[in-house]
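Participant: What follows is each chain in one-letter form.
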Amino acid sequence: MATQHTTEEVLLDVKGISLSFGGVKALSNISFDVRKGEIRAIIGPNGAGKSSMLNCINGFYHPQEGEITFKGETRKQMQTHKAAEQGIARTFQNIALFSGMSTLDNIMTGRNLKMKANVFWQALHLGPARREEVEHREVAERVIDFLEIEQIRKTPVGRLPYGLQKRVELGRALAAEPDLLLLDEPMAGMNHEEKEDMCRYILDVNDQLGTTIVLIEHDMSVVMDISDRVVVLDYGRMLADGTPDVVRKNQDVINAYLGVTHE
Amino acid sequence: MFYREAGQFKTTYKADQGIFPIIQDRWFIAIMLVISLVVIPYFANEYWFQAVIIPLYIYAIAAIGLNILTGYAGQVSLGTGAFMAIGAYATYKLCTAFPDLNILIVFVMSGLFSAGVGIIFGIPSLRIKGFYLAVATLAAQFFILWLFNKVGWFYNNNPSGTITAPPREVLGIMITGPNALAITRYYVVLSFLVVFALAAKNIVRGRIGRSWMAIRDMDIAAEIIGIEPLKTKLMAFAISSFYCGVAGALYIFCWLGSAETEAFDINLSFLILFMIIVGGLGSIMGSIMGAAFITLLPIFLTNFPPMIGIQIASDLAKHLEEIIFGVLIVFFLIVEPHGLARLWQIVKEKLRQWPFPY
Amino acid sequence: MEFLESIFILPFLDIADSPIFFLEVVISGVLAGVMYSLVALGFVLIFKASGVFNFAQGAMVLFAALTLVGLMEQGVPVFFAILITMAVMVLLAILIEKMMLRHLVNQEGIILFMATIGLNFILEGVGQIAWGSDVKKLDIGLPDKTFEYGGMLLNTLDLSAALIAAIMVTVLALFFQYTGTGRALRAVADDHQAAMSVGIPLKSIWIIVWSVAGFVALVAGILWGTKAGVQFSLVLIALKALPVLILGGFTSIPGAIIGGLIIGVGEKVVEVYWGPAFGGAIEGWFAYMLALAFLMFRPQGLFGEKIIERV
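Residue numbers (the working numbering), protein chains in the order written: chain A, 1 to 263; chain B, 1 to 358; chain C, 1 to 311.
Hints should not be assumed to be uniformly reliable.
Said to hold, decoys possible - Here are a few chain A residues that face chain B, going by a calculated C-beta distance under 8 Å:
{"no.": "1", "residue": "Phe-98"}
{"no.": "2", "residue": "Ser-99"}
{"no.": "3", "residue": "Met-101"}
{"no.": "4", "residue": "Ala-117"}
{"no.": "5", "residue": "Asp-207"}
{"no.": "6", "residue": "Gln-208"}
{"no.": "7", "residue": "Gly-210"}
Stated by the list, open to error - Sample of chain A residues facing chain B (criterion: CB under 7 Å; computed from the structure):
{"no.": "8", "residue": "Thr-80"}
{"no.": "9", "residue": "His-81"}
{"no.": "10", "residue": "Ala-84"}
{"no.": "11", "residue": "Thr-109"}
{"no.": "12", "residue": "Gln-122"}
In case anyone wonders, no lab produced these hints; they're calculated from the structure. These figures come from a predicted structure and were not determined experimentally. Virtual Cβ for every residue (Gly too), placed ideally from N, Cα, C.
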């Protein structure tokens with residue numbers, strides 16, 4: 001369990017979020033908070049609204065009701081660009097890598113916000129543009145090191161196997177040096193070894209960098225193992241909110257989802 | 001075996017980011033430069049310059065421009081002809097208004113005009129994607145040419161409706177106009193091509209290029225990680241139109257000498273589009289290769305049959321050319337959507353092992 | 001000042017001055033619009049059913065018309081000529097499927113689009129080599145008389161064209177909506193691989209669609225050709241269909257009709273009443289500008305499907 005870095009300070013606070021698409025109500029009155037340094041899991045059956053919740057947090061969906069407080073700033077709706085600027089990064093359920101570019105380039109796009117050199121220096125590839133490229137390349141390389149993907153750094157990501165693509169996507173998110181990392185089913189479709197690797201990376205990120213993580217995951221053993229606290233959603237409503245132990249024993253949750261308690 | 005990178009280790013990121021990190025590539029570029037700077041001028045005659053090589057270089061510049069917009073940034077454009085026209089007409093008007101201004105500066109300024117208009121027609125790209133955007137660029141194509149046709153001011157109310165390049169010199173050498181030697185114009189165009197190609201290559205492998213490709217590949221994800229779609233797209237339109245504008249200026253001033261709006265019509269837009277499809281979308285080198293291929297093809301088609309003893313009527317030849325163009329487009333799209341550039345890469349990869357394939 | 005007057009005041013005065021003439025202009029716009037719709041229809045069919053934006057539709061119109069005229073010039077009676085041309089279009093559809101579409105399954109739309117540009121060139125070239133490139137007259141016996149009605153000058157040819165087009169459009173709309181084949185076609189337009197995986201025979205579907213589009217092209221070719229002669233510029237009609245598609249939405253048959261009418265009427269009215277203020281020939285770009293303006297406010301067109309992006 002990752003506990004060393006959890007603090008009491010609240011990094012993200014979500015209050016009364018309701019989201020509808022036409023007639024479909026994806027989220028109803030969801031409220032929870034995320035403390036700085038913790039690993040927070042969001043679980044629930046398919047269609048429970050987990051991805052939609054994540055999309056609201058980083059501004060891709062705009063909820064009709066409720067507000068989001070991040071780093072002390074409260075808004076009714078996040079804008080994706082602001083979210084990225086303020087230090088929120090994420091991965092996606094169906095990998096959203098830039099298939100025409102290499103692993104390294106994909107990860108470098110994660111640094112995009114931090115690179116400022118204007119077009120003229122870029123054209124000459126001198127001065128500030130060149131320094132920036134090298135500087136941010138170093139950061140990208142550290143991420144590549146961390147995720148152990150050196151040998152595929154020049155490969156176009158479209159050619160990589162699924163598991164590696166998911167890792168590269170994590171790399172792109174990490175490259176932004178985010179304060180809040182949103183992971184949407186980072187281990188979906190992976191075999192046991194790959195899952196263990198991914199767990200290790202997630203724990204290391206939380207441990208070494210102190211990054212706060214919100215994680216959607218279906219694998220119960222993973223959730224119970226690595227998360228500090230858990231939110232359970234079902235049909236867009238909140239069922240439970242607490243530590244894994246507490247949630248595991250919650251009758252509503254068992255009824256809706258677990259069926260059998262996991263050890 | 002000739003193309004192995006083994007043993008070429010880079011010890012700094014700077015070195016690895018060099019434009020041609022592999023030595024064999026550098027040799028290739030060096031050889032190409034020598035050929036274009038020395039060998040071609042030595043052997044070529046007036047006909048070859050005028051009919052083939054100068055237009056080839058000019059098309060290459062336009063192709064790079066279009067590739068930036070369509071190949072790298074993923075914004076389909078059928079308005080290349082119009083943007084080239086803006087460059088040409090802007091140069092014409094600037095020359096009239098400022099007869100003492102250095103023509104090279106005028107070329108660059110007209111590129112800027114073109115960039116400005118490009119940005120305006122690029123604004124719809126935030127809301128519109130794919131084919132719809134192609135239609136927006138068609139609007140630009142038809143409207144701009146109509147404007148240049150109708151409003152006499154653009155061609156100084158010349159009764160024939162054409163614009164003609166006035167003679168201009170740089171450092172005492174005639175660059176435009178009837179007295180400019182083919183070889184002078186050749187070097188001017190070549191210089192522009194080299195500088196522009198280099199700049200483009202630098203831009204596409206840096207932050208801006210990556211943001212273009214991100215928008216092209218998955219614009220939603222790009223937006224989520226902080227890449228601003230509108231700024232990125234407008235930058236693509238601006239730079240692309242700049243290149244096309246300068247190409248258009250060179251088109252009239254260093255090649256045709258004079259023209260009407262027909263020279264920039266939709267067929268030109270298609271021509272450049274074919275160049276980047278055949279050459280390879282998303283490749284600077286490919287743009288140049290595509291331009292070469294498409295420019296040389298008609299020459300080949302007109303000269304080859306007589307060489308093997310077949311005479312083809314010029315009418316028929318033109319239609320055959322059309323058919324072959326079409327077939328080639330379809331062929332490339334099926335077999336190698338990434339064009340000649342990718343084929344070139346494959347050749348290089350094979351050279352890694354030749355002559356020992358195992 | 002004069003210019004402003006000529007835009008904001010004079011045209012309306014002109015219209016009010018002679019409403020019958022205005023009606024005449026509108027009607028001729030409607031008739032032109034119907035023709036546009038017909039060509040746009042070919043696009044919609046193919047796009048709806050195979051997800052391909054067939055840039056070569058215009059060339060198909062030309063090719064069909066050229067074949068028909070060529071056959072008639074050889075002395076083949078009209079009825080058989082039409083049948084043979086239809087067979088040729090079906091053959092063409094089969095060839096296109098075999099040589100081109102099959103190899104591009106599930107490629108991105110842009111690649112398919114560019115392939116049809118290539119196809120465009122091939123058809124143009126082949127048609128012109130086979131039948132020659134001068135303007136040809138096409139007469140299949142449709143009545144072409146001008147007559148007066150209610151103070152307006154009308155033409156039987158235009159009216160028959162409108163009628164034929166209207167019938168075709170209705171039939172096709174019904175076909176798509178209510179038959180099993182129509183459903184299959186819509187499935188294919190959505191997702192090639194998914195359609196294949198539920199057993200829809202992609203190959204046959206494509207051949208059917210492109211044949212129907214070929215038929216539409218033939219009808220359009222006959223109508224346009226009778227009116228204006230069969231010539232190279234028919235290809236440019238394809239370009240004109242684009243704004244129609246934008247207005248109507250790429251996937252909507254009723255949209256193609258309404259879009260066509262709007263563009264047809266709009267163009268004519270603007271050209272006649274506002275054209276002089278701009279020096280004429282506004283028709284060349286008006287449709288595109290209109291489409292562009294439209295796109296800014298409603299990117300999916302009047303009837304197109306709203307695109308919801310999901311991540």
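Participant: Each hint needs a verdict: does it hold in this structure or not?
Facilitator: For each hint, the structure was consulted:
1. Phe-98: Check passed: Cβ of A/Phe-98 comes within 4 Å of chain B, closer than 8 Å.
2. Ser-99: With Cβ-Cβ at 5 Å, under 8 Å, it holds.
3. Met-101: Holds, because the Cβ-Cβ distance from A/Met-101 to chain B comes to roughly 5 Å (cut-off 8 Å).
4. Ala-117: Holds: closest Cβ of chain B sits about 7 Å from A/Ala-117, inside 8 Å.
5. Asp-207: Cβ of A/Asp-207 sits 24 Å from chain B, so the hint is violated.
6. Gln-208: Not OK, violated: A/Gln-208 not within 8 Å of chain B, min 22 Å.
7. Gly-210: This hint is violated: A/Gly-210 lies away from chain B, its Cβ roughly 21 Å from the closest one there, beyond 8 Å.
8. Thr-80: holds (5 Å)
9. His-81: holds (6 Å)
10. Ala-84: With Cβ-Cβ at 3 Å, under 7 Å, it holds.
11. Thr-109: holds (5 Å)
12. Gln-122: holds (5 Å)
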